[in-house]
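Number of protein chains: 4
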Amino acid sequence: MKKKMKGVVFHGIGDISLEELDVPKIQKPSDAIVRITLSTICGSDLHLIHGQTVVDPESPIGHECVGVIEEVGEDVSSFKAGDRVIVPTFVHCGNCFYCRKGSTSQCEKGGIIGFGSIRGGLGGAQTEYVRVPFADMSLVNIPKTLTDEDVLLVGDVIATAYFALENVPIKPGDTVAIVGPGPIGLCVQEIAPVFGAGKIIMIGTRAYRMAVAKERGALIINPNQENAAEKVRELTNGYGADVVVECAGNPESFKIAFDSVRKGGSVSLMGMWGKPVEVPLNEMVMNNITIFTGLVDCDRLHETVQLIEAGRINTSFLITHRMKLDDILEAYRIFEHKEDNVLKIAIKP
Amino acid sequence: MKKKMKGVVFHGIGDISLEELDVPKIQKPSDAIVRITLSTICGSDLHLIHGQTVVDPESPIGHECVGVIEEVGEDVSSFKAGDRVIVPTFVHCGNCFYCRKGSTSQCEKGGIIGFGSIRGGLGGAQTEYVRVPFADMSLVNIPKTLTDEDVLLVGDVIATAYFALENVPIKPGDTVAIVGPGPIGLCVQEIAPVFGAGKIIMIGTRAYRMAVAKERGALIINPNQENAAEKVRELTNGYGADVVVECAGNPESFKIAFDSVRKGGSVSLMGMWGKPVEVPLNEMVMNNITIFTGLVDCDRLHETVQLIEAGRINTSFLITHRMKLDDILEAYRIFEHKEDNVLKIAIKP
Amino acid sequence: MKKKMKGVVFHGIGDISLEELDVPKIQKPSDAIVRITLSTICGSDLHLIHGQTVVDPESPIGHECVGVIEEVGEDVSSFKAGDRVIVPTFVHCGNCFYCRKGSTSQCEKGGIIGFGSIRGGLGGAQTEYVRVPFADMSLVNIPKTLTDEDVLLVGDVIATAYFALENVPIKPGDTVAIVGPGPIGLCVQEIAPVFGAGKIIMIGTRAYRMAVAKERGALIINPNQENAAEKVRELTNGYGADVVVECAGNPESFKIAFDSVRKGGSVSLMGMWGKPVEVPLNEMVMNNITIFTGLVDCDRLHETVQLIEAGRINTSFLITHRMKLDDILEAYRIFEHKEDNVLKIAIKP
Amino acid sequence: MKKKMKGVVFHGIGDISLEELDVPKIQKPSDAIVRITLSTICGSDLHLIHGQTVVDPESPIGHECVGVIEEVGEDVSSFKAGDRVIVPTFVHCGNCFYCRKGSTSQCEKGGIIGFGSIRGGLGGAQTEYVRVPFADMSLVNIPKTLTDEDVLLVGDVIATAYFALENVPIKPGDTVAIVGPGPIGLCVQEIAPVFGAGKIIMIGTRAYRMAVAKERGALIINPNQENAAEKVRELTNGYGADVVVECAGNPESFKIAFDSVRKGGSVSLMGMWGKPVEVPLNEMVMNNITIFTGLVDCDRLHETVQLIEAGRINTSFLITHRMKLDDILEAYRIFEHKEDNVLKIAIKP
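Residue numbers (my numbering), protein chains in the order written: chain A, 1 to 349; chain B, 1 to 349; chain C, 1 to 349; chain D, 1 to 349.
Think of the hints as simulated: they come from the structure by calculation, not from any bench. Since this is a predicted model, take the numbers as computed values, not measurements. Certain hints may be false.
What the hints assert, rightly or not - In the EDC-like style, the derived pairs of lysine to aspartate or glutamate whose C-alpha atoms are separated by at most 16 Å in a straight line are:
1. A/LYS255 x A/GLU230
2. A/LYS263 x B/GLU108
3. B/LYS3 x B/GLU20
4. C/LYS171 x A/GLU230
What the hints assert, rightly or not - FRET-style restraints, in silico, Cβ to Cβ:
5. D/GLU226 x C/SER117: 30 to 36 Å
6. C/GLU234 x B/ASN237: 44 to 50 Å
7. B/ASN250 x D/HIS47: 32 to 38 Å
Note that beta-carbon positions come from the ideal geometry of N, C-alpha and C, so glycine has one too.
Pulled out of the complex, with its shape left as it was, chain A reads as follows:
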């Protein structure tokens, strides 16, 4: 194993570069070192770079990747060198207070890949190697029948879509509306039928993304062209959607989500909010609305892989671009400006 590797480093707001870094080493008996074979850029990397998520300068970033086990600590029993694995964004121990309560994203011993000083300060994923604590608990084997691209998004955006739906009371046949046709919103669309969704409605404005949503079976609404909430009700016998998943994270999209949900329904907020938002609590009471949100629990990745293997979910269409780690700054530029109808860019080290 070599000693040095290239990796993306965040220096301060708006400032990232590709640097030479030390290859990580096993620190604890339950660690594994994973050689990254494919990585990608996520919307939350942009939040971080823009300062909406505050991490220390000089942090290595990136958190969505797959790879091959290079080395395992002596207490790792489920994996060995050479195994192909998915790395989750949130690493969890499985036995702390929060893990036992089911909130694994709040794990007291684990950490987040690629978010510098936040919770544990693990290395990034836009690089060549990454150390993964609690390897037995956190890593997931990639079946032989699946390629790296098939499962590249399992560790973050698919996990988030799964999380958004798993925790709301969704019944077979329910209508699910999604606000925001970005990668997470499109993953929600793909995975909603697994939770029993009937009609799926995508609400958004960006034409090429809405075209993808439509092609893959969603009813679509452009809030610039029509009253989104009224249109949702029109599509649902006047009631509104049973569940609305908000994936945009601004007061306007919050209002659309809130106005589109039926009485007794749930709003699942997956966007990021810079500050408090005024919420009509009285309407929530009178209309029996539940608001669910949170940082993604990465403890259902095995289930997701089984669904992909069985052909129930397919998110490979989201990978629209393939680039090299050496060109990642250019990839960031394309991704940020949504150039060239980009959805996700697979980055090969």
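For this one, chain A is given, so just place chains B, C and D on it according to the hints.
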């Protein structure tokens, strides 16, 4: 059956009186007429009188009562004249869109007892007789072993406490904190163990109500004397309560509730809010907080009665005063000003 | 409305004929009369004719149909003459002890369509008109976008498949094995993805039915050609299926089901059993196996219709034959002998 | 730490003795060595000694104990020497296939304390020290406010009672009947209210145990004196119990359980069965009965401790005798013959 009866009528904000009213009649085959044997006054009657809940002038009010069946429509098959029954605040049909979805308080055909023009406009319960639509679906038999006082609160405040807990993810051993030691808060305290609650913490300031909470086993916190959220964490190994039920309905109590819940926990809002409240959505995301609320679904009354019959719940201690219907305006005065350590006043027609 | 109609009548074991019957009338305010537009024959009609299910002689039979409302009682508020509706096999009141407990097939006031003296003795469905008690609770509207054939199976075989899966703990990605590729087994295959199923395995011997299962995406196993339980384990990394749905109802198929389920898994028995079966309780304990079974609860038909409307379920492929009511005895012959690759026969009055 | 200790060893059917054994050592980084401060004898020790559970000769036995951490492996982060802990009967890894599926008793890497060659072959608990693999996942801290006796039963009989109820659909107010007033049955009685039980009915014959059940609030039925199933129905308005927990493990008690459950109810089998039992599957179908069973999952011990700490559960009354490890053969004699109104015997090393 006589033709005229006395009943409390709302004339406009701050203005109620005891009037002579027509005794209600069967209107549909699924109706029942119930002769009221015991009624009471609720905090939401005060909201109504103060104009926070908007109903038409000249509406008969009151919504919490028990009685004896006087007459049933020809399609009523579960009840007959002479049966002792509990009348729920919200009457539901059981088969409309909302009932099928489980949101029976939003029933499209049912209505609310004692809320004038709101949803169906049924008569009040602070009177001698009340018409109950969908009698088979809505009424609940009172077992012989139980007195009227034993079950007087089943149709509203116990139902609300049950509803507050039934819909949040509460696990055996969880700590439940309650903000507001009024009748609903005290009912939440009584019923929480049925849902598996471990420690129960009551947060409030009114001395005699806090004394009741303490005597019945709650840990108590006075937010005027200590930082409530800090104290909750102190009582929970630093984590905060798994579930917080907010029963006060003001921005200060909302903040206490929000600050007292642990990461990954739930806030169940049972208070009434006059207007929107600023909610720290970003903290909700970062701390995985769920907000649950709504108008009470009155479809678990049978279960509640079984629990009272088996001795698991006992709320008769809440009935601190007993008065006659003729004296109900005086009863309102006592209840509103919380005089004489009042909790609930049983009103006998 | 005419006075007389034709309908299939069971006279005794092995003896049915098409007779002239009185057209049913409204008996209670919550009844509806439905003019049948399409009916079908079910495996349980054969059980009845063969005497495995005991009903009184001279009972009209058939229980799976759709139609148009001819007339409603005065207490029916959700339907009116002319509405297209699905008739459920089990009619339920919604408010008796069992309905409140969720076991609507055990309803104390309802009944079964086409099972003579069993529970309520309602008329049959292989005829021209049927009286449906508790119409508001039991009937389901057919959306304009769907044909009669699209929803013909909703009231029984789809309901049974839904019921088989709804009540077992199935998680996203779970492997579901099905024993018996008849109409119910094939419906389980269609609906399992709605409950999150990953791999679906069909176990059976009849070639044309197995071909259908395979074409629609199941992995298939012929227990005459290989050890079914071993093969299931081979397809599931050695573990066995998470859930096995048994749809054949004989000791051999029970053994296959029991041997194919993984430790900690569930066996859902949807077959009919003439007599007690020896069950290895000790193995059940050591392997943490749950056995679920029962008569179908027909209270999730609205959800099923939403799923069909949204395109998530499609069972119209099961209708392989279309015949007239006048020819129903011939249809019975074809269905019983599984001639001509029959799956289901749509019968037009 | 000393090198030798005394411990009970199983030599063959009917043959146990107190032997000198090697004190166990840390073998893996996730192990802990616990110095046992209190242990006890369980009914399943008797099954083992009588040969109903087959383990290799010369196995150390006993599986219910509490103690103090003596030493931890380098990968243990939640515990340190000196911590008071509960040792679970089943040790689990938390990340294998079965642990992820929720069947932790079937863990592929863990093992059972005191069951010799079965699953992993860990040492016994009727001794002075025990090695506990996966310490972070398996051990549970004892709060300062609780004594060893308060929590002695958490690791097995309370866990079993919890498991018996956790996995059946029990709703608030449900009637729970228990067949067999032994330690597990009495623990089910104690813990059932946490899962919402209304009435609790104990069915059994041994007078002193039935007296305990009655004193602690159960309705009691002696099947030698009356028809148990009929009496259960008499106590439940003619319906039968919603849930029956069978804790005796013989065909007669199975029949009582099966006959006492209501239509649509669940039978939870916690007894051990030597061989297959004839089960009336046809009645199960017609009456919608579910059968649940299995080896206890020991992954809810933290919840149980929280309930004991909050005063919701109290099982210390079960400890009727206190003896020394040196006298354990005499203790076995008393326990086996149910002499002196024994329930559980606390054994002090």
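For each hint given before, does the structure comply? Return the numbers of the non-compliant ones in rising order. 4, 7
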